[in-house]
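Participant: Letter by letter, the chains look like this.
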Amino acid sequence: MKQDQLVIQKIEAAFPKAIQGTDDHRGEQTLIIDSRKLQKVCQLLHDDPDLQYTFISDIVADDYLNDPSADPDAPRFALNYHIYSLTTKHRLRLRVAVADPDKGPRTVGKVWKVGTWLEMEVWDLMGIVFAGNNSLRRLFMPEDWQGHPLRKDFPLGYEEVQFSFNWKEINDQKLHGLRVTDDTYTIRSHSDSVQELTVEELRAKVGTRMEIEDPEGNMLLSMGPQHPSTHGVLRLLVELDGETVVNLAPDIGFLHTGVEKTMESKRYLQGLVLTDRMDYLSPTTNNLGYILAVEKLLDIEAPPRAQVIRVMLSELSRIASHLVWLGTHALDMAAMNVFIYAFREREYILDLFEMVAGQRMMTSYIRPGGLWRDLPDGFIPAVKHFLDFFPAKIADYDALLKNNPIFLNRTVGVGVISAEDATSWGLTGANLRASGVDFDVRKMWPYCGYETYDFDVPVRTEGDIYARYRCRVEEMEQSLRIIEQAMAKLPDGPINIDDRKIVPPPRSELGGSMEAVIHHFKLWTEGFKPPIGSVYQSVESPRGEFACYLRSDGTAKPARAHFRTPSFVNLASLPVVGKGVFMADLVALIGSADIVLGEIDR
Amino acid sequence: MTPGQIAIRALIVGFSVSMVMVTGFAYTTLLERKLLARLQHRIGPNRAGYIPLPGKNGGERRLIKGFLQPGADAVKLFLKEDQTPAGVDRFVYNLAPMLAVIPAILILAVIPWAGEITIFGAHFAPYFAIAPGLDVAVLYMLSITSIGVYGVVLAGWASNSKYAILGGIRASAQMISYELAMGMSILIPVMLADSLDLGVIVSQQSGYWYALHIPAAAVFLLAVMAELQRLPFDLVEAEQELSSGFNVEYGGMRFGMFFMAEYMKMVIFSAIAATLFFGGYRGPFVDQLPGLGFFYLFLKIVAGLCMLIWIRASFPRLRYDQLMAFGWKRLLPIAVLNFIIVAVVIVLQQEGIIF
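As they're listed, the protein sequences go chains L and E.
Each residue of the first sequence is one higher than the one before, starting from 1431 at the first, in the numbering used here.
Each residue of the second sequence is one higher than the one before, starting from 5 at the first, in the numbering used here.
What the hints contain is simulated information worked out from the structure, not anything from laboratory work.
You can trust all of the hints, since none of them are fake.
Here are some chain E residues the structure puts well away from chain L; computed CB gaps all over 10 Å:
no., residue
1, Val-21
2, Tyr-54
3, Ala-113
4, Leu-138
5, Val-194
6, Leu-200
7, Gly-260
8, Asp-291
9, Pro-294
10, Cys-310
Derived, one-sided and incomplete: chain E residues facing chain L with beta-carbon distance under 8 Å:
no., residue
11, Gln-44
12, His-45
13, Lys-166
14, Ser-318
Distance ranges between label pairs, derived from CB positions:
no., chain 1, residue 1, chain 2, residue 2, range
15, L, Asp-1807, E, Asp-86, 58 to 64 Å
16, E, Gln-87, L, Pro-1585, 41 to 47 Å
17, L, Asp-1828, E, Ile-47, 22 to 28 Å
18, L, Glu-1777, E, Gly-62, 36 to 42 Å
19, E, Gly-75, L, Asp-1828, 39 to 45 Å
From a predicted model like this one, the values you see are computed outputs, not experimental measurements.
In this text, a Cβ means the ideal position worked out from N, Cα and C, and glycines have one as well.
Based on the provided sequences and hints, a complete structural model is requested.
Facilitator: What follows is the structure in structure tokens.
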């Protein structure tokens, strides 16, 4: 609270009328800032040696159109900037009211480098223009999409299908291979009619505003969305000089499923299953982030046994996710064996998930107020077995990679990003810690009782691919420690809170209690209605900080659900780190960033 | 023998060796898939055919499940739709796979498969090969292998694809960085045996294997891996980076021919490595029973193949510039230094100063 006062004092001193109000909901401090002063306030918060808000987590846009909880005369849009000070371990939300979406606040891309990227998402989905941000373009939606889908007045349903069954139409749209002629790129369509395109037109066509440095001497390569090493449907537009990457622009959105929009028409419990599908490699941490946000909205806390089980499963899914990363990362450099070995161990963990949730990947096991069910018999011995054999497997992976001269050649000193840049680019997870910044949500703002576990956060200072590799491998070892402690302290007791308005009554009661039947019926038909307010809950997912922004307008469905997915933000720095490296290094870089496209595109 | 007889004999031997090689390469693919699978806790192809053997209690033992897999693969490749992408240089596009395969087959001519032997009444002397006693065999081999890279480069160039051209460029860069070192390392057995005839090189190894000249053998084996474009030097294909590199636009049997060339070369270079450094067809009792020579060479080839496959399974890939640096800054100096030392020692031995 002291820090809050300090922030307010500093801002008041510098810009007397910048703060229009404050709000404190569930312990989250919000400052309502004048739209015109926002950039200057941000600069102050970033630069002031006592504050040092050097990290921006996310920018969330809200649309209050026809919102029952909002003042009808208030501006329609609001922007929420979630910024962290890593030195004082303090987080702050700056809220800016925007009446006219075409006249949004000035960009914060100059303060935090990742700001530009985050604003691109806001513009694409909510249509708020940031003055001074020249790279606003479609990120998720197709280039020719009309409107901004997260706005409340965007028509739902009966949209025009974006693809056609008309053969001629399809052919006219398709790009069948690019061929460089003198200063134009020739697009050859299927019917052999040749379209001449200038570089500018081509750039517009592929949807990225990439600056091409030397259109005559360099080669423009479309890498993906079907490419073995882009880890899904990521597309990179790469400008190559020989084999050296001169320039690149990521093109995403091929897997955009509109999770955030869908959630607005789902009840809180129904929304849970969508979170599994985002980061499909570690669904448990996604579940956890979302459920913790819901619980914060409801102001409840799960019982101790559920907390311990949540920790255990989160760490198991962290190991599973890191195993996939390790395997695919090694495979990106053509080390085949590691890939298959890593997947073999991951299978075991997926079997564990199947034991508890009945599902191997899309577990949806963590529920508001606790868990779906208690642990089955045989789960604990199975985890014990895993703890016994897994350290030897890590030693195996190390034997294949850790001191392998070829692997060292490929990774040491490649793709270096400095601590300052990493923070400014909003990197989280092992990507950030490999650059020497000790930021782990589990330590910084513990949830689920992480403060009671004894574990270390591996931090390295080199910032290269090898450092990221070591960080993740050591994280797996730490996860084992956490699971071991969790098993030792696993208390007996209920796994759900005793609030029938949130947690459905057990099956046994339904036969004998009318009240239980009514509760059950109400819960499955209406759901629960959290009080008005918004929360931002972050957890440490294997890829970094996963955060969930939820705003309740007092109804059973969230008025706004937003996810800060680590892969999406981690991708933003790729064009910067990837400049000047070799094509082969670019592949290694994508692997080391550990991105999941389901999470990026949402 | 008259020249006519020699020609007919060379034709017959050449035909049979080529046929053995064509099936041999197919079974190399099976060996690779099976062995890779075993190294990676998988099963590998096990559906197409097996060798039936009588088992216990009148049952049946199935040996080498998936025995007919290579045949199935070949049938699949032959029956695939023959597609040519738009905008390719058709002549070169069709020529490239042949340019890859033909040199691979041509090298077969000089490899000694066994010592002096009589088969079906025909006497082969001084050793069993398609072209025995060719006294420029090593030069022939080096020049023919160099042609092989044209297949890759032209395939990359003709495909009208950016990934393919990158693979093609890599191929030419790769070739210049390992060929010199390879040539240098081959000179060691040549000097020791005082002959360019591969048969002489083998028979000179009756005392000890030239592999004892470890630097030369190591440089040669590394260069061979680069020549074969196998991991860790498979930059030309580099599935992860170039999504298959030079052959990305090829399909059906044209694609299959590149693999035919690759696997044939694996077998042939295993044979050459065995010939130059590991005593070729020589082994215990081979003087009494010359037929054993085939068996010993076969064993050595299989050992070489297994090593190549094992390395493929375990190692990551080098980067383009790292391969060049490795070839020029490591392999070549080692090979040259080794060459000088061995040359000096041989001269000193001949002069009787040391022995």
